[in-house]
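Produce the complete structure using the sequences and hints provided.
Under my numbering, think of the first position of the sequence shown as 1, with each following residue one higher.
Don't take every hint at face value.
Said to hold, decoys possible - Straight-line C-alpha distance at most 25 Å; calculated BS3-like pairs for lysine-lysine:
{"no.": "1", "residue 1": "K113", "residue 2": "K58"}
{"no.": "2", "residue 1": "K152", "residue 2": "K242"}
{"no.": "3", "residue 1": "K113", "residue 2": "K154"}
{"no.": "4", "residue 1": "K89", "residue 2": "K408"}
{"no.": "5", "residue 1": "K58", "residue 2": "K141"}
{"no.": "6", "residue 1": "K86", "residue 2": "K113"}
{"no.": "7", "residue 1": "K152", "residue 2": "K89"}
{"no.": "8", "residue 1": "K86", "residue 2": "K408"}
{"no.": "9", "residue 1": "K154", "residue 2": "K58"}
{"no.": "10", "residue 1": "K89", "residue 2": "K141"}
Please keep in mind that the hints were generated in silico from the structure rather than gathered at the bench.
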Amino acid sequence: MKPIKLSFIVASLAAAVLVQASEPIVAPSEAVVDDDRPYDPILNRTPEGIFISDTEWKVSGDIRAGWVDYDYSNSPNSSYDSSVNKGHKDSRGFYLIPKVSIESPVYNGFSGKITGAGVTDFGLNDPDYETRTFALGTDNKSYAILQEAYLKYKDETNEVVVGAKEIVTPMIDADDWYLLADTFQAAYYVNSYFENIKWGFAYFYKMAGPWDSGARDGSEEYASMSEASFVPDDIKDDADDKGVYTGAFVYSVDHHNLQVWEYYAPDLYNTIFVQYDFTDTWDTLSYDLGAQLINFDDVGSMKDYEDGSIGYTIYSARFDGNFENGFDFATGASFYTDGDGTQYTLGAWGGYPYFANGMIFHFFEAGSLRNANSYKAQVGYDLGQLGAEGLWVGTRFTYFDLDDEYSKTATGESQDSMQMLGLRASYRNDNGAYLTVTYEAVDLDNEPDISGFRFIGGFTF
1 MKPIKLSFIV
11 ASLAAAVLVQ
21 ASEPIVAPSE
31 AVVDDDRPYD
41 PILNRTPEGI
51 FISDTEWKVS
61 GDIRAGWVDY
71 DYSNSPNSSY
81 DSSVNKGHKD
91 SRGFYLIPKV
101 SIESPVYNGF
111 SGKITGAGVT
121 DFGLNDPDYE
131 TRTFALGTDN
141 KSYAILQEAY
151 LKYKDETNEV
161 VVGAKEIVTP
171 MIDADDWYLL
181 ADTFQAAYYV
191 NSYFENIKWG
201 FAYFYKMAGP
211 WDSGARDGSE
221 EYASMSEASF
231 VPDDIKDDAD
241 DKGVYTGAFV
251 YSVDHHNLQV
261 WEYYAPDLYN
271 TIFVQYDFTD
281 TWDTLSYDLG
291 AQLINFDDVG
301 SMKDYEDGSI
311 GYTIYSARFD
321 GNFENGFDFA
331 TGASFYTDGD
341 GTQYTLGAWG
351 GYPYFANGMI
361 FHFFEAGSLR
371 NANSYKAQVG
381 YDLGQLGAEG
391 LWVGTRFTYF
401 DLDDEYSKTA
411 TGESQDSMQM
421 LGLRASYRND
431 NGAYLTVTYE
441 AVDLDNEPDI
451 SGFRFIGGFT
461 F
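The structure is reproduced here in structure tokens:
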């Protein structure tokens, strides 16, 4: 396994485990997955684990396998064209991702956990077709990583964690969307002394993430948060392996939930995240009416960067709900202001709290989301109502209204819109088995067709 460096600065921010912002505050039925996070609801269950001998030490794990296939109408062979779909190549492959954890019992409030994870394709895949599967490292070889190794203290009102851990916050997120979740070397403190209020602070030092790290080897080894960002390389050099300071405040009472987060990345950019949700029940409908603001502004070296800048805001709204008869829906709209920096910030460090994403694809295919609008409408059904316990099916349509002044193909053709149609079936049971099958097609102006298929399942114990 790769060695882990615990070079942490203990002070800073984050109530990383305060609220999982991209999950619904209105809890869906047992069988309905979160509309944007197909695996987290399964993995958030506390595994029963296997206790070692007669002790309270516990072994638990997740054995996941998956087949992914992304078609960009751009073969990596002789017909490859770097001007087609941003040069993205058709990619596919089968992978096995085992994770095993050892958790200590709690001694006077202290506990610890170690998790080892690996990714392998057994050498079966064609390396030419793996550039966008985001599973193996840059050398397309199997690898193992010490994914979690942390010490935790928790009492009635305080929680402190130091080490490497899968952490969920709005803009820095484990993002368990694909094959292996992101993990972070971090330190955080959470306080829940005041009724209805939680606040905290954290320092994120490094991350490893197959999909969300902008570092060259970010999938198979830890890189500093600045190195893992999506900003230009010369700005990463100026940032000199700095981390991200984070602070959070969450107020929740009755039907109201307000959360405010700030993420300060020296020499890169500052992010302010604010979200309000009103949750209630009307007749047989449980619903969540939410509003969100995310602002990005460059700081330090990035502010002085001559070839680009960061300065824009996203305003979003959503209305999600589920009925007692098994039907559920999710709607959302996001509005991007006319400012630079979407290419440097969207999706960085695993944060995808935006209300109008696709099921597989998001914003990486379009030329730019500057001054764009996006809209999402999803309908799902819990087949447990018909006796198929744990099975959910749904479809989603996402529409991106692009500004053709900024969104262009590699050859300079303007793009007015991008449309996505996704289909998903998801299954889980209380014994730890899960399976999610997703297909999505993308229609993007002046580009050949794009589609994706993912068949990912496993078993937690």
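Outcome of the hint check:
Taking the CA atoms of K113 and K58, the gap is about 9 Å. The hint holds against a cut of 25 Å. Taking the CA atoms of K152 and K242, the gap is about 24 Å. The hint holds against a cut of 25 Å. For the proposed pair K113 and K154, the alpha carbon gap of about 14 Å is at most 25 Å, so the pair holds. A threshold of 25 Å between alpha carbons decides the hint, and for K89 with K408 the separation of about 18 Å falls inside it, so the pair holds.
A distance of roughly 31 Å separates the Cα atoms of K58 and K141; the hinted pair therefore is violated under the 25 Å criterion. Restraint check: the Cα-Cα separation between K86 and K113 comes to about 41 Å, which exceeds 25 Å; the hinted pair is violated. With a C-alpha separation of about 43 Å, the suggested pair K152 and K89 falls outside the 25 Å cut-off, and the hint is violated. For the given pair, K86 sits about 10 Å from K408 by alpha-carbon distance, which is consistent with the 25 Å threshold.
Between the alpha carbons of K154 and K58 the distance comes to roughly 18 Å, so the proposed pair stays at or under 25 Å and holds. For the hint linking K89 to K141, the alpha-carbon distance of about 19 Å falls within 25 Å, and the restraint holds.
Consistency with the previously given hints fails for numbers 5, 6, 7, ordered from lowest to highest.
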